[in-house]
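Trainee: Heads up: the protein sequence lines correspond to chains A and B, in order.
For what it's worth, numbering that gives the first Met the number 0 labels the leading residue of the first sequence as 0, then goes sequentially.
For what it's worth, numbering that gives the first Met the number 0 labels the leading residue of the second sequence as 0, then goes sequentially.
Calculated from the structure, these hints are not laboratory results.
Keep in mind the model is a prediction, meaning the values are calculated, not measured.
Some hints here could point you the wrong way.
To be verified - A few chain A residues facing chain B, derived, Cβ under 10 Å:
| id | residue |
| --- | --- |
| 1 | Val14 |
| 2 | Leu50 |
| 3 | Leu55 |
| 4 | Ala69 |
| 5 | Pro82 |
| 6 | Ile83 |
| 7 | Gly87 |
| 8 | Gly92 |
| 9 | Arg97 |
| 10 | Arg105 |
| 11 | Glu124 |
Built from N, CA and C at the ideal position, the CB exists for glycine as well.
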Amino acid sequence: MSSADRLISAEGLAVDRGGARAIDGVSFDLGPGELVAVVGPNGGGKSTLLLALLGLLPSTGRLEVAGPCAHVPQHGPVDPDFPITAIGVALQGAAPPRPFWRVPRRAREAAHAALAEVGLADAAERPYGTLSGGQRQRVLMARALAGRAPILFLDEPFSAVDAPSEAAMLEAIDAERARGVGVLLATHDLAFATQRADRVLLLAGRAHAFGPPAEALAADRLRSAYGGRLLMLDDDAVAVADDHCHDHDHGHGRQGG
Amino acid sequence: MSALVEPWEFAFMQRALVAVLLVALVCGPVGALVSLRRLAYAGESLGHALVPGAAAAVALGLAAGVGAAAGALAAAVAVALLLRARGEREDVAVALVFAVALAGGVILLALTAPPQRALAVLFGDVLTVAAGEIAPLAVAAVALTVAVAAGWRSAAVALFDRSWALAAGVRVGLVDLGILVGAALALTAALPVLGALLGTALLIGPAAILRPWVRSVGPLLAAAPLIGAVVGAAGLVVSYHTGLAAGPAVAVGLAGLFLVSWLAAVLRPPASAR
Numbered sequence: 000m001s002s003a004d005r006l007i008s009a010e011g012l013a014v015d016r017g018g019a020r021a022i023d024g025v026s027f028d029l030g031p032g033e034l035v036a037v038v039g040p041n042g043g044g045k046s047t048l049l050l051a052l053l054g055l056l057p058s059t060g061r062l063e064v065a066g067p068c069a070h071v072p073q074h075g076p077v078d079p080d081f082p083i084t085a086i087g088v089a090l091q092g093a094a095p096p097r098p099f100w101r102v103p104r105r106a107r108e109a110a111h112a113a114l115a116e117v118g119l120a121d122a123a124e125r126p127y128g129t130l131s132g133g134q135r136q137r138v139l140m141a142r143a144l145a146g147r148a149p150i151l152f153l154d155e156p157f158s159a160v161d162a163p164s165e166a167a168m169l170e171a172i173d174a175e176r177a178r179g180v181g182v183l184l185a186t187h188d189l190a191f192a193t194q195r196a197d198r199v200l201l202l203a204g205r206a207h208a209f210g211p212p213a214e215a216l217a218a219d220r221l222r223s224a225y226g227g228r229l230l231m232l233d234d235d236a237v238a239v240a241d242d243h244c245h246d247h248d249h250g251h252g253r254q255g256g
Numbered sequence: 000m001s002a003l004v005e006p007w008e009f010a011f012m013q014r015a016l017v018a019v020l021l022v023a024l025v026c027g028p029v030g031a032l033v034s035l036r037r038l039a040y041a042g043e044s045l046g047h048a049l050v051p052g053a054a055a056a057v058a059l060g061l062a063a064g065v066g067a068a069a070g071a072l073a074a075a076v077a078v079a080l081l082l083r084a085r086g087e088r089e090d091v092a093v094a095l096v097f098a099v100a101l102a103g104g105v106i107l108l109a110l111t112a113p114p115q116r117a118l119a120v121l122f123g124d125v126l127t128v129a130a131g132e133i134a135p136l137a138v139a140a141v142a143l144t145v146a147v148a149a150g151w152r153s154a155a156v157a158l159f160d161r162s163w164a165l166a167a168g169v170r171v172g173l174v175d176l177g178i179l180v181g182a183a184l185a186l187t188a189a190l191p192v193l194g195a196l197l198g199t200a201l202l203i204g205p206a207a208i209l210r211p212w213v214r215s216v217g218p219l220l221a222a223a224p225l226i227g228a229v230v231g232a233a234g235l236v237v238s239y240h241t242g243l244a245a246g247p248a249v250a251v252g253l254a255g256l257f258l259v260s261w262l263a264a265v266l267r268p269p270a271s272a273r
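The shape of chain A in the complex, shown without the other chains (with noise of 0.2 Å):
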């Protein structure tokens, strides 16, 4: 596939937070219908890689993107009691707020699709403050998926979310894929990016690896990522012992060498 093809490229991207510098020299491209999974370490720079991709962080360095970009956000709104259904979240996605503007039929239906494509068509009049964690999470990802964008991020979207949850998340990720879309996906789960992911960006500060997961969570990559939380559980199998997902790690983290 040539770089023209490409939904994101980027080459040397650096992006400073908080007066510091949070990630340098990331190098990586994104292909319709890929999953590209981004792993590293608390702190590394997943999350904001993913904000300086959507324009929310300034970001130095050659950076491509073709066409509009949906995310699912790590945490959701901050206020879960706001009045507002299902349907009403969805439809935030499906078009862009204009004055005086009442929501098309198209958009509606669009927000309805993407409801059902997470499984909630039954829920979509049900307010947003009274669904589970799980259920609030696939609203989200509706409404990312509603405006049909060719790029989708999500920021560690199975963090806290049960099985039904996670299942109907990654059922509409692979239809999305199947349509083309580019998803970019951060995560601390290492099985996850090994078994669902075509490339892998190990980030930690900068790219340690981008690729294959095979080569990408390679031991020695991995112990470069991680440094010391990086346990060696035989010959070559690794987990990482990570202080923010700690419990779930364990259960999910294996990589074999």
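Using the hints provided, position chain B relative to the given structure of chain A.
Mentor: For chain B alone, coordinates are given in the frame of chain A:
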């Protein structure tokens, strides 16, 4: 029944009713946005900023509303800049600046205005509203209603999820400024009815009463003026029959209805049982 009809036979009560209805229309939707932005405290503080401006206008022989609007708008811009600089956090500086503004305004009123005039600036005197004061209220009501109708959908996106709104290209700083300027104008409009210190009740009260019972922003914005109008009219009737000041009667009525709404919301069965 005649107790409800009798007050409206008098011209001063008719003018008061029109003023209260217009102020309810001005304050309800803007107040709902203030509440959703979690700026109720800043909104209350904006009321304090009306006092020095109103006092200066009274001292200069101008209409109190002119000075009050200038003071409130300056305060609204200051709070918007502070929010922009410091993000979500309200700040000690806001409290200090507005407390000093109130103190300065009260001192100025004490030095330059008769006690009755000073009380009217602080707590309102809707029963003395003149016919000439109705037209500016009507203009404010139309202008703010149009502004809210134009911008509430963008505001709702920004108020629900700030980071999503930023990524979607919504100018959240402009939304903040618009809400604060709207609040400043609404509080200025409420000055004759509830004064500088009680105007917040009609700004925040209706939305607070409705909040547990609405599922989306649109109905909240539409119903808030109705609550303000009903309680405002009831306050006038109580004031007529009891001799209590109308402004405090309206404020207490809103507080009472909020208590009833809150208790009913707490006691209602959970969603799964309904």
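Trainee: The hint names glycine 92 (chain A) as touching chain B; please verify it with the least Cβ-Cβ distance against 10 Å.
Mentor: 8 Å, holds
Trainee: Once the shortest beta carbon distance from glutamate 124 (chain A) to chain B is found, is it less than 10 Å?
Mentor: At about 8 Å, which falls below the 10 Å cut-off, the nearest Cβ of chain B leaves the hint on glutamate 124 (chain A) intact, so it holds.
Trainee: Was the hint right that valine 14 (chain A) lines chain B, CB cutoff 10 Å?
Mentor: Violated: closest Cβ of chain B sits about 15 Å from valine 14 (chain A), beyond 10 Å.
Trainee: Given proline 82 (chain A) as an interface hint, is the shortest Cβ-Cβ distance to chain B below 10 Å?
Mentor: For proline 82 (chain A), the interface hint holds, since the closest Cβ of chain B sits about 5 Å away, which is under 10 Å.
Trainee: Against chain B, with CB atoms and a cut of 10 Å, does the hint on leucine 55 (chain A) hold up?
Mentor: 6 Å, holds
Trainee: Quick check on isoleucine 83 (chain A) please, does its C-beta sit within 10 Å of some C-beta on chain B?
Mentor: Status holds, d = 6 Å.
Trainee: Does leucine 50 (chain A) pass the interface hint, meaning its C-beta sits closer than 10 Å to a C-beta of chain B?
Mentor: 8 Å, holds
Trainee: For the restraint on arginine 97 (chain A), tell me whether the closest CB of chain B is nearer than 10 Å.
Mentor: 7 Å, holds
Trainee: Would the hint on glycine 87 (chain A) stand, with a C-beta cut-off of 10 Å toward chain B?
Mentor: With Cβ-Cβ at 5 Å, under 10 Å, it holds.
Trainee: Under 10 Å, Cβ to Cβ, is where alanine 69 (chain A) needs to be relative to chain B, so tell me if that hint holds or is violated.
Mentor: 8 Å, holds
Trainee: For the restraint on arginine 105 (chain A), tell me whether the closest CB of chain B is nearer than 10 Å.
Mentor: 17 Å, violated
Hint compliance for this structure: hints 1, 10 are broken, all remaining hints hold.
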